[in-house]
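Asker: So the chains spell out like this:
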Amino acid sequence: MGKTIAQKIFNSHLVDQPFGEVNVLRLDRVFCHEITTPTAIQDLVARGRDRVFDPDKIKAVIDHVTPAKDAKTALQGKILRDWARRHAISDFFDIGRNGVCHAIFPEKGFVRPGFVIIMGDSHTCTHGAFGAFAAGVGTTDLAVGILKGVCAFKKPDTLKIEIIGTLLPGVFAKDVILEVIRKITVNGATNKVIEFCGPVVDAMSMEARMTMSNMAVEAGATSGICRPDRVTVEYLWPFIKDDYPDRQAALENFSRFMPDADAVYAEHKIIDVKNLPPLVTFGYKPDNVKPVSDMAGTRVDQVYIGSCTNGRIEDLRVAAQVVRGEKIAESVRAIVSPATPEVFSQALEEGLIKIFMDAGFCVTNPTCGACLGMSNGVLASGEVAAATTNRNFNGRMGKGGMVHLMSPATAAATALTGAITNSHLFEN
Amino acid sequence: MTSFCGTTLCLDRSDINTDEIIPARYLTEIEKTAMGPHLMEDLELEGFDPKQDLKEIGVLVARRNFGCGSSREHAPWALEANGIHVVIAESFARIFYQNMFNCGMLAITLNTKQIDRLFQAAAVSPLHVAVDVDTGKIQATAGPDTWTIPFALTGFEKALVQAGGWVEYADQNY
Ligand code: SF4
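From first to last, the protein sequence lines are chains A and B.
Sequential numbering of the first sequence, starting at 3, is according to this note's numbering.
Sequential numbering of the second sequence, starting at 247, is according to this note's numbering.
Bound-form chain B, shown alone (with noise of 0.2 Å):
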């Protein structure tokens, strides 16, 4: 059984790049570990504190396009060495999402409504959620309110993350 759950943290914006997930002035680092305490540091956002509001953080959820810009791998490390190993958006970047499955982690693409509720929800109380990969089902939790959230992964992309990534399903296939 493949699943991941966490606190949820709502970025409510479109767009949001590679440059603003980790820096390009970090990127001559070359342990995966040390983009961590940079994560999100230029991201400028109305009351969004990178220092306060990503501690206990499993899970983010933003809007559209979430990872576009640079090829980066530093950005799902940056997410990874904060204990963030699921983003939730309508939509990504390309090679931010297959990136987050290279690295056994889970991007999850929900329509506008789906999206809208878990803004909605998470602005009243905190949310958290819990993603099944293997029923491909989430459930958000926030206050006395639990609902279920059905996702679509192709196989390719299970198979990734319970493989534990590429490196690992094309060692075992190629």
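Chain A extracted, bound-state conformation (with noise of 0.2 Å):
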């Protein structure tokens, strides 16, 4: 019977099938941010177990808040910092080389395709653009990974999604993950590898890939994996030349996890793209999504450009070509947050961040930031946002806030403005 991706991967990661109904793996890397790792440290020593299972396989970043804001987020940072220091672990990025924790690690070379990767945070779905499986955990998944360097998962049924046509100009990943996670609902994947497939996914770059497995999560999905093929390989190579004579073999490893011709899937879903328009989201679910035009004219108070799921180098350019020469709305507070120093650095060079200054734009330092409402641009009660992040439950940028999730190209263009509108890269 042929395999999907993430059966492959299981089947050479497998430690132990208790019950016969779950597989534990092995781990090739651990991701760790200041938020959700404390307290598994914390619980590890408390258990007298305060030890690691291989300090190279876990990487740390101090990204959620940075610089810390009080008293407490200082705390968070010192027992990360802390723990990397006692246990020799030397990727640890921390102030002045952080980064948000799903851009950073990537851009380091990291992530491989093959690899079982976990973390204490739902969105590490996004590394499965490489095609891996990489799934969020909770703290304690993430304690035993840290202590044993393993983790257990329930079988990987795999819900295939072909996209299919061409997307018009000014549509962007975010526009079709909004509209997959449209169709098949916020549940839609629960417990399901959600592996991506078809043309529109040959011919996206990384960066796009990235953004569409981030939220792969918010249609339920434990991963969301992209094939891997050239494209992978040509992102990687700086990483891996040393390892292969030249890309064709780095493809041929890696193809040992592509899905075999006769794999079977749980599921099978074709979506066509050809006509699809920029998107947005109302309400507080993912799966809430309307056309921008349907939502033309609703009037917000902060953009947001950043987050995990666009603060990459693509989306700044994307965001810059919208703004450029022009100036933001009076009504609105504008906000870019290049997702790690070295899209910061690119952005100075390409002129970006002058256009976003020039705009009136706000730029901030590489964090997670006003994503997850707890620094950086909280929303007050009754405040709306026009934002390029993942989520827009009630009260996630501030309690009684309201976000909005969309393009680079869409928040760029309501932030000029002020109120949710289609970018003039868009073309029907």
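Source of the hints: derived by calculation from the structure; they are not laboratory data.
From the three backbone atoms N, C-alpha and C, an ideal C-beta is built for every residue, glycine too.
A couple of the hints might just be wrong.
If you want a taste of the chain B side facing chain A, the calculated C-beta under 10 Å gives, among others [as the list claims (entries may be wrong)]:
#1 E266
#2 T274
#3 E277
#4 F294
#5 Q298
#6 E302
#7 I303
#8 Y343
#9 N345
#10 W412
Make the complex out of the two chains shown on their own, each in a separate frame, by following the hints.
Answerer: In structure tokens:
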């Protein structure tokens, strides 16, 4: 019987199958940040088990609230920092070198096709863009991962989502994933792995694939996996060039994890995006999705461009293209947060930061910041945000605030008018 | 024998997410018990007052996709800090579900009819349930009414609850 990507990864990492029903997998990476890891560390310390399975496979970053905003967040950072030092975890990214976890870890080359990755963060599914099985877990799973290098998963039933057609100008990966979530709903992929494929995905850059895989969890998926191909190899090449004679050899090695032609899927959905317009969410669930034109004129108080969904260089380029030479509306506050220091430097070099500043944007350091309503742009009750983030839950960016999710192009255009609007890049 | 019991609070909604169970602004706490007073303080549900309604509750009942959203284990901790060790729903989000068992607590999936019956009973008089993990049976009591509901757990889930959680289980086995 043919196997999907996830099944192949599971088979190659299987440590145990207790009761024949769960798969305990060997972990290639445990990613850590300062919000969920300190409790895992405290727990391990309290149990007299302050050890790590392999310091080289653990990568850690302070990203959610940075610089620390108060004594409590300072303590969270300190616990993570002290722990990384005491266990010689050399890939630890502290302020000045830190960025949003799901942007910085791929950028550092820590992800490979076929890897099994966990992190105490639901958007860990982002790393599936590389053909890895990457899943968000809770603190206890994280603690066991840190201690033993294993994690238990149910059998990876796979939902194949084939995306066909060609995207209209001004329509992006963010719009595609919003359409997918609209179609399959917030629990359409619960307990399943999504495998994204089809010509639209093949044509996407790694950045765009990460945007898409990032939001797989908003449909309930355990992981959102893209097939490893030439684009994947090209992105990874600087990190793997000593391991392979050439790119072709790397590609052949990674194709071990390609799905078999007769792979058995739990479900198969084909989504045609040829007439897809830019989309935006309304209400408090990520599957409440409408065309931007249906929401046009909805006033916003704050625009936020950043996060692990859309804070990468491509996103900033598109947003800058929309705001270049223009000014944001007087009624609006606009914030752009490059997701990593490298994105920030690149944006500086390309003149994007100047474009944002001239337009009236506030440019923040790389951080999750406003995305989860903990710092750097929390909404007041009753305020409305246009955001390139991934979650529009009630209170997500501040108690009583409303969040509309959209692409960087739409968010940039919205900053200019102060109300939800299509960018000029969109041609119907 | 592993069993849980308590008075039940029925929350008539699907997709109750982790931000509603414990808002992100409390994620700066590093003590699990610090979540306690903030359980569901952002949940907007007609007639629901978290300060009043969560008192002396041992079991929650909800509709579909309970616990969707973030991976934060703070959600089960917030429940635990309030003495709630069991959530019963039509379905759960994966990470929340796993987190419950990882903490040695219970997430029980029942069908729509069984859930409806619990809601109907609770609307009339206080609903009390006793959950027996070993036999896989829930004993529900509301006023003069008593009925038994069978539920299914996998062997692994049972083992986690019996071991007291995944750290204990992993420590014994890996
Ligand atoms: S940017 Fe937002 S969604 Fe992404 S990891 Fe940070 S808080 Fe989570």
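Asker: Does each hint fit the structure? Answer for all of them.
Answerer: Status of the hints after comparison with the structure:
Interface restraint check for B/E266: the shortest CB-CB distance to chain A comes to about 7 Å, inside 10 Å, so the restraint holds. Taking 10 Å as the C-beta cut-off, the interface hint given for B/T274 holds, the closest approach to chain A being about 4 Å. With 10 Å as the threshold, the beta carbon of B/E277 comes within range of chain A, its nearest partner Cβ sitting at about 8 Å, so the hint holds. For B/F294, the interface hint is violated, since its Cβ never comes within 10 Å of a Cβ in chain A; the closest pair sits about 14 Å apart.
For the restraint placing B/Q298 at the interface with chain A, the shortest Cβ-Cβ distance is roughly 20 Å, beyond the 10 Å limit, so the hint is violated. For B/E302, the interface hint is violated, since its Cβ never comes within 10 Å of a Cβ in chain A; the closest pair sits about 26 Å apart. At a threshold of 10 Å, the smallest CB-CB gap from B/I303 to chain A is about 22 Å, leaving the interface hint violated. Interface restraint check: B/Y343 against chain A, minimum CB-CB distance 8 Å, threshold 10 Å, status holds.
Taken as an interface hint, B/N345 checks out: its beta carbon lies about 4 Å from the nearest beta carbon of chain A, inside 10 Å. Given the 10 Å rule on beta carbons, the hint for B/W412 holds: about 5 Å separates it from the nearest Cβ of chain A.
The earlier numbered hints that this structure contradicts are 4, 5, 6 and 7.
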